[in-house]
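Guided by the hints, dock chain Z onto chain B, whose structure is given.
So the protein sequences, as listed, match chains B and Z.
For the first sequence, my numbering assigns the number 1 to the initial residue and increments by one for each residue that follows.
For the second sequence, my numbering assigns the number 1 to the initial residue and increments by one for each residue that follows.
Simulated from the structure, these hints should not be mistaken for laboratory data.
Note that CB positions come from ideal geometry on N, CA and C, so glycine has one too.
Far from chain Z by the CB rule (all over 12 Å, computed), these chain B residues:
| # | residue |
| --- | --- |
| 1 | 12 |
| 2 | 41 |
| 3 | 43 |
| 4 | 178 |
| 5 | 182 |
| 6 | 199 |
Here are some chain B residues the structure puts well away from chain Z; computed CB gaps all over 12 Å:
| # | residue |
| --- | --- |
| 7 | 11 |
| 8 | 25 |
| 9 | 62 |
| 10 | 77 |
| 11 | 146 |
| 12 | 197 |
Quick look at which bits of chain Z chain B covers, simulated, 3 or more residues with Cβ under 8 Å:
| # | region |
| --- | --- |
| 13 | 84-92 |
| 14 | 101-108 |
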Amino acid sequence: MSGGEPLIRWDWIGSHAGYLAGLAGRHLYLSLIPVVFGLIVSVPLGIACTRWRWVYPPVLTSANVLYSIPSLALFLLFIPYTGLFSDLTLIIPLTLYTLSVLVPNVVDGLRQVSAPVSQAATAMGFGRLRQLLQVELPIAVPVVIAGVRIATVSSISLVSVGQLIGNGGLGVLFTDGQQRIFPTEVIVGIALTVVLAFAADAVLVTVQRLLTPWARTGRAAA
Amino acid sequence: MSRLITFDGVTKRYPDGTVALDDVSLECATGEITVFVGTSGGGKTTALRTINRMVEPTSGRVLIDGRSVLGSKPAELRRGVGYVIQQAGLFPHRTIVDNIATVPRLLGWDKKKARARSYELMERVGLDPAMGTRYPYQLSGGQQQRVGVARALAADPPIMLMDEPFSAVDPVVRAELQGEFLRLQSELHKTIVFVTHDIDEAIKLGDRIAVFQTGGRLVQVDTPEKLLAHPADEFVSGFVGRDRGIRRLSFVPAAELPLRSDVVLPETASVADARATGEPWVLAVDGTRRPLGWARAEDLPDSGALAGLRLTDPGRTFQVGADSVRTVLDAVILSPSGLAIGVDSGGGVVGVTGHRELADTITAT
Numbered sequence: 001m002s003g004g005e006p007l008i009r010w011d012w013i014g015s016h017a018g019y020l021a022g023l024a025g026r027h028l029y030l031s032l033i034p035v036v037f038g039l040i041v042s043v044p045l046g047i048a049c050t051r052w053r054w055v056y057p058p059v060l061t062s063a064n065v066l067y068s069i070p071s072l073a074l075f076l077l078f079i080p081y082t083g084l085f086s087d088l089t090l091i092i093p094l095t096l097y098t099l100s101v102l103v104p105n106v107v108d109g110l111r112q113v114s115a116p117v118s119q120a121a122t123a124m125g126f127g128r129l130r131q132l133l134q135v136e137l138p139i140a141v142p143v144v145i146a147g148v149r150i151a152t153v154s155s156i157s158l159v160s161v162g163q164l165i166g167n168g169g170l171g172v173l174f175t176d177g178q179q180r181i182f183p184t185e186v187i188v189g190i191a192l193t194v195v196l197a198f199a200a201d202a203v204l205v206t207v208q209r210l211l212t213p214w215a216r217t218g219r220a221a222a
Numbered sequence: 001m002s003r004l005i006t007f008d009g010v011t012k013r014y015p016d017g018t019v020a021l022d023d024v025s026l027e028c029a030t031g032e033i034t035v036f037v038g039t040s041g042g043g044k045t046t047a048l049r050t051i052n053r054m055v056e057p058t059s060g061r062v063l064i065d066g067r068s069v070l071g072s073k074p075a076e077l078r079r080g081v082g083y084v085i086q087q088a089g090l091f092p093h094r095t096i097v098d099n100i101a102t103v104p105r106l107l108g109w110d111k112k113k114a115r116a117r118s119y120e121l122m123e124r125v126g127l128d129p130a131m132g133t134r135y136p137y138q139l140s141g142g143q144q145q146r147v148g149v150a151r152a153l154a155a156d157p158p159i160m161l162m163d164e165p166f167s168a169v170d171p172v173v174r175a176e177l178q179g180e181f182l183r184l185q186s187e188l189h190k191t192i193v194f195v196t197h198d199i200d201e202a203i204k205l206g207d208r209i210a211v212f213q214t215g216g217r218l219v220q221v222d223t224p225e226k227l228l229a230h231p232a233d234e235f236v237s238g239f240v241g242r243d244r245g246i247r248r249l250s251f252v253p254a255a256e257l258p259l260r261s262d263v264v265l266p267e268t269a270s271v272a273d274a275r276a277t278g279e280p281w282v283l284a285v286d287g288t289r290r291p292l293g294w295a296r297a298e299d300l301p302d303s304g305a306l307a308g309l310r311l312t313d314p315g316r317t318f319q320v321g322a323d324s325v326r327t328v329l330d331a332v333i334l335s336p337s338g339l340a341i342g343v344d345s346g347g348g349v350v351g352v353t354g355h356r357e358l359a360d361t362i363t364a365t
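Isolated chain B, as found in the complex (with noise of 0.2 Å):
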């Protein structure tokens, strides 16, 4: 970058305030949805490992394998499926990157449920599905919403990338930034991205305080 040209331009800030919001809302919708796709995806596929065992360790290598690939790859191999400029191109890959800790956490959050309350929803008459969606589910909110944020946080990180295929949310700034030699929007872009991904997962911690007021971590027991 030239000497010329300072650090960072805070009127250009100012006179973009309403592109830089844009790109911020777009960012966000590109990096949410995955982990909404991804949620829907693992609660049945997680339930499906944990009553029936043998299913969990393909699926987790599966997961993992799929997380391996590099982001950029995996967006260039649904182009041809998807088209160029589709958000689908962007939002497949990364739903299916959130599996890899969303699936593990729904598992370990349904094994949360002790021997002891199962035994006992079962023994005052819980129907199966019932038990699933009155007892188990609910145990295991903490865990999965654990899950959550590191999968919010990571696809934030990860839709810029989506840039260098063209649609890239914040991701634009650093593309821009760089051919046009203007640290100005890199600096921005960076700082846009730490501050969605905060913002994000403290909304993410208070709807767990409010889901599971009966969660022990973080409060000393009465």
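Below, chain Z without anything else, positioned relative to chain B:
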């Protein structure tokens, strides 16, 4: 409203060949506490779980009032059978009130009625209703266990199954819970099947005790008294322990002991009266015959009344109409005079008894 449970040749064999129950036949009488006791692996929990179909027998039948439990759908059957488990098994994500309301809600009661019932039960099992909105982790082990009992009682089931419900709490709390459990049962008259590995608990709580041996064999079913007096075989006598002789005394009423009153003197009696008994110790009582304390003949001054003396604490007394010879034995051993003080229900002294009377009574039973 109570029910009779019948085991008719019940066998449970697992695919790997393990036999958990071996041709078990027995009846758990209506309104009584039947305790299943035995070594681990003896099949007592398995037997308990065949009643609410959490375990299905390989052969044989379990009947409630003459009808096979297989005739009802498992979930429906279970809603009519209370179940208390070790470590309570409370739902961590539900408040105490909602935990207790579980079965009524499953039965379709509306929320208000179910909650009202929960609060009623909390009082019944000795829990402060203010705890209703707390979560299980905020309660002590003993409190959680009370919630477990309340939850099992919520829909007023005629049958209660209790699987080692008091074994995870400390001995003091356990004794307290056992006492309250007996008090509740005296009001409710449920048909209760209670599993424990603790023979003392079995003797304390059981109307009848069924002893299971490793391999799922039912060795003996008897009242606690008969079990201690006539163990069916080596296994049972080994299981009930070496001091079963002393435990048996729990079933001999203290009323069978002869009482003497020659050493019981009013506090207004003089030192000379005390000496005239010719006994090493005399017991001073007040105007309402409550025990004040022991005076030793050797230490008596030359004159005066018993009221002016420093007396030795009377120590533990026993209720003539309520306590057992075991309590008296304990009191005799601990008493400075070697005499135990028998009182009536109002606390007034009826008489005292000592080693000789105890020995005669024990020999006679």
